[in-house]
Amino acid sequence: MGVARLKKAELYYHKSVHEQIAAALQETGACQIISSGEENHQRPSDIEALISKNDEILADVRYLTRTLTPHYVDPVPALDRMLGERPEVTMAELEELAAKTNLKAVCDNTRAVEHETGEVRLKLSDARNTASILSSLGFFPYPLSVITEGTKTLTGLIGTIKPENVGGIRAALGDFSKYAQDTELIVAPFSEKEKPAEVYAALIYSRSIEDEIRDICAKNSLSPIEVPSSLTGTADEEKERFAGIISELEAKEAELAGKLDALAQENVPAVQKLSDYYNSLSARYNGTAMSDETDSVMLTRFWVPTDRADEIRQKIEAISPETELTLDDPSPDEEPPSLLNNGNMVRPFNILTELYSSPKYRGIDPTPLLAPFFWIFFGMCLGDAGYGIVVFGLIMFVFRKYKKIAPGVKDFITLFLFCSVSTFIYGVISGSFFGNFIDAFLPPLIPLKNALMLVDPMTNPMQVLGISLLLGVIHLMFGLLIAAYDKLRHGEIIDAVGNDISWFLLIVGLCLYGVGLGGMLPPHFVQIGGAMAIIGAVIIFIYAGKGEPNYIKKVINGFLALYGSTSYLGDILSYSRLLALGFGSAVIGMVINLLGGLAADIPYVGWLIAVVVIVGGHIFSIAINILGSFVHPLRLQYVEFFGKFYNGGGEPFTPLTLSQEFVNVKA
Amino acid sequence: MEYLGLSLALFGAALAAALAGIGSAIGIGIAGGAAAGVMTEDPNKFGSCLILQALPGTQGIYGLLIAFFVLNKLGLLGGAGAVALNWNQGLQILASCLPIAVVGWYSAIWQGRTSAASIQMIGKKPEAMGKAIILPAMVETYAVLALLTSILMLMGVQVG
Chain A
1029 MGVARLKKAE LYYHKSVHEQ IAAALQETGA CQIISSGEEN HQRPSDIEAL ISKNDEILAD
1089 VRYLTRTLTP HYVDPVPALD RMLGERPEVT MAELEELAAK TNLKAVCDNT RAVEHETGEV
1149 RLKLSDARNT ASILSSLGFF PYPLSVITEG TKTLTGLIGT IKPENVGGIR AALGDFSKYA
1209 QDTELIVAPF SEKEKPAEVY AALIYSRSIE DEIRDICAKN SLSPIEVPSS LTGTADEEKE
1269 RFAGIISELE AKEAELAGKL DALAQENVPA VQKLSDYYNS LSARYNGTAM SDETDSVMLT
1329 RFWVPTDRAD EIRQKIEAIS PETELTLDDP SPDEEPPSLL NNGNMVRPFN ILTELYSSPK
1389 YRGIDPTPLL APFFWIFFGM CLGDAGYGIV VFGLIMFVFR KYKKIAPGVK DFITLFLFCS
1449 VSTFIYGVIS GSFFGNFIDA FLPPLIPLKN ALMLVDPMTN PMQVLGISLL LGVIHLMFGL
1509 LIAAYDKLRH GEIIDAVGND ISWFLLIVGL CLYGVGLGGM LPPHFVQIGG AMAIIGAVII
1569 FIYAGKGEPN YIKKVINGFL ALYGSTSYLG DILSYSRLLA LGFGSAVIGM VINLLGGLAA
1629 DIPYVGWLIA VVVIVGGHIF SIAINILGSF VHPLRLQYVE FFGKFYNGGG EPFTPLTLSQ
1689 EFVNVKA
Chain B
2 MEYLGLSLAL FGAALAAALA GIGSAIGIGI AGGAAAGVMT EDPNKFGSCL ILQALPGTQG
62 IYGLLIAFFV LNKLGLLGGA GAVALNWNQG LQILASCLPI AVVGWYSAIW QGRTSAASIQ
122 MIGKKPEAMG KAIILPAMVE TYAVLALLTS ILMLMGVQVG
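Residue numbers (the working numbering), protein chains in the order written: chain A, 1029 to 1695; chain B, 2 to 161.
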């Protein structure tokens, strides 16, 4: 239980076996390599060479993964993949695959197809531009070569002009009468009623008056457009020709996309395996690159859990007898990484601690302490026997169907499996089964439901509010006791009493006093509670003034500290969310049943709509309420509970492992 | 004036569902914008982004819950017919709806902003998901407290 004990290992071995040693350390998945700590640490030269060679291949692998994966249609659904339905391979098989796969060739093929696709796309966009210009040139009766090439004496231009300027340009050309016979202005037809902002116009003129024509165009704001020089026939002929070109290019583009799809289908499975292989190698080399070397010997330092040390020693000695492994306890000035080591019942809750921050190596692992509270709180928030059964059944189904779920994912799912049990229990206690399903649709079961009910949040919410706040007090006081224990462990008796035990006395005392006054406990609890509270308050008052020479300031500090009790009030009230969220899921369930019941009154199809509303509604309700029931109890752990004793701040243990992004790699 | 009480109560239910719903819509909208931004960089973050985006949605549900609670109390759901209500009782029900209406509306918007910030955070540090979820949940506390207040007030109002 708690944070696993680690040993600091120093492993000396001959350079000739460094690859086998590194592979063995990686396969155990139990060694976190320690960097040598020197600023200008020189990587061993052999490993340096391996790394640069491996990085080159990795660049190809990454390129292929990035380019081909989007085109790959995985025959296995993504959900199955996530739940561990992945190929199982050994490192030896991967090595063989790497040896026989010509990655370079696949890369070259892929690059060629990609390159060609790029070119085709460029051409296609050009052709589409030209086609869009052509679609507005239908008014021009001559072959476009008049514009793009011209004849010996004539040339022309096409441009856009505002309709109101057309008269102006005609007049200008008319005044220019000596040229008029050589000049023709053709304006695209437009309706006089709804004048467009601009119309196309073409001008054909003698080459000899080019400058004057340009001048007239500029004055009447006819702005010439670029007509692609490849256009020679009439607009209609060219339009047809370009439609052909475009469909040809589109066919080419589709063909290339098909090629890429085929390449992906053929190569992605292997590339994914190789990606894991080369990433594993990369991690391995970069890990051992932190070693020190002499001419023939290498030294690798790593952290290893105490209970795995023997296994590693055997593995290493099997590789070469000429090795030396020393194991030492971490020295007090060292801060080893922390690895949570909890049994099957607590391990699923590890993630809650890790989401916050791992404990320090010598700190307290809060996981077993928070687990029961989280379990109860989750149950109270979701709080429905029906929902508990659904979640439990769904998870059991997943566990039966998928046998190879990754450990981390499995733990996380198991957390919800556990919590579905508390959800069921609280649902039975509070009489909630898919909301008020029993009251609404299964009246014969009402006596059974009522017999099992211990609390009734619907008619007596104050009772559940009281239970919620009481759980809050217990949770907070437990946190204070842990804090006190942690301080006592380190010999800080005064701080433990002044900071934690004092508040414990004050708050527990006040609770006993209040409950006693309310007549729920024998009267002498009033006196005991009162005495506890006073002792607590006095300690808080004195402790706050500690180290302050000025008596007035001592008093002020004391009162300020006592004023801090308001924060405890806030903390305790915060647990009222247990009632509110449990109530929320119950009422949402009730509303769904109510709507279903209303729908059932619709003639003929009513029952069908009712079933859809009730089933769909409860699925929605489960999803949204699980989110709330996860987040809020978690907040109670992080803010209210951890606030009393836990800071985290440890480095999580990150051993050298095989990369398993796409496949399950076995040693 | 016979129906003034009923009208006041319905006005309260409408406020609870509408204001809290508006708040959630704005909050989810703000968070959604940030989520879309993060996903342009890394579409694989869809799952975490969606969870963070959904967080400011609860206020709308709380509002709906209170609205249904009121309708149920008034006997407007099902065929039984409305209960008789004097204007005083109607005003009491209206008052009971105000905590979740106002706090739901405002807290959802601010929770949406916090969610958006959290989404930005997991854009850079996906491993900080736990912290990213807790920050918006801190804002939601006050919506939960308002919900609780509304529920307790409603339960205290005697009708019929």
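If you are wondering where the hints come from, they were derived from the structure by calculation, not from laboratory data.
It is possible that part of the hints are untrue.
As the list claims (entries may be wrong) - These stretches of chain A come out as covered by chain B in the derived footprint (C-beta under 8 Å, 3 or more residues): (1) 1256-1269; (2) 1644-1658; (3) 1662-1670.
Glycine included, every Cβ here is placed at the ideal spot set by N, Cα and C.
| task | Of all the hints given earlier, name the ones this structure violates by number, lowest first. | result | Hint 1 is the one this structure does not satisfy, whereas the remaining hints hold.
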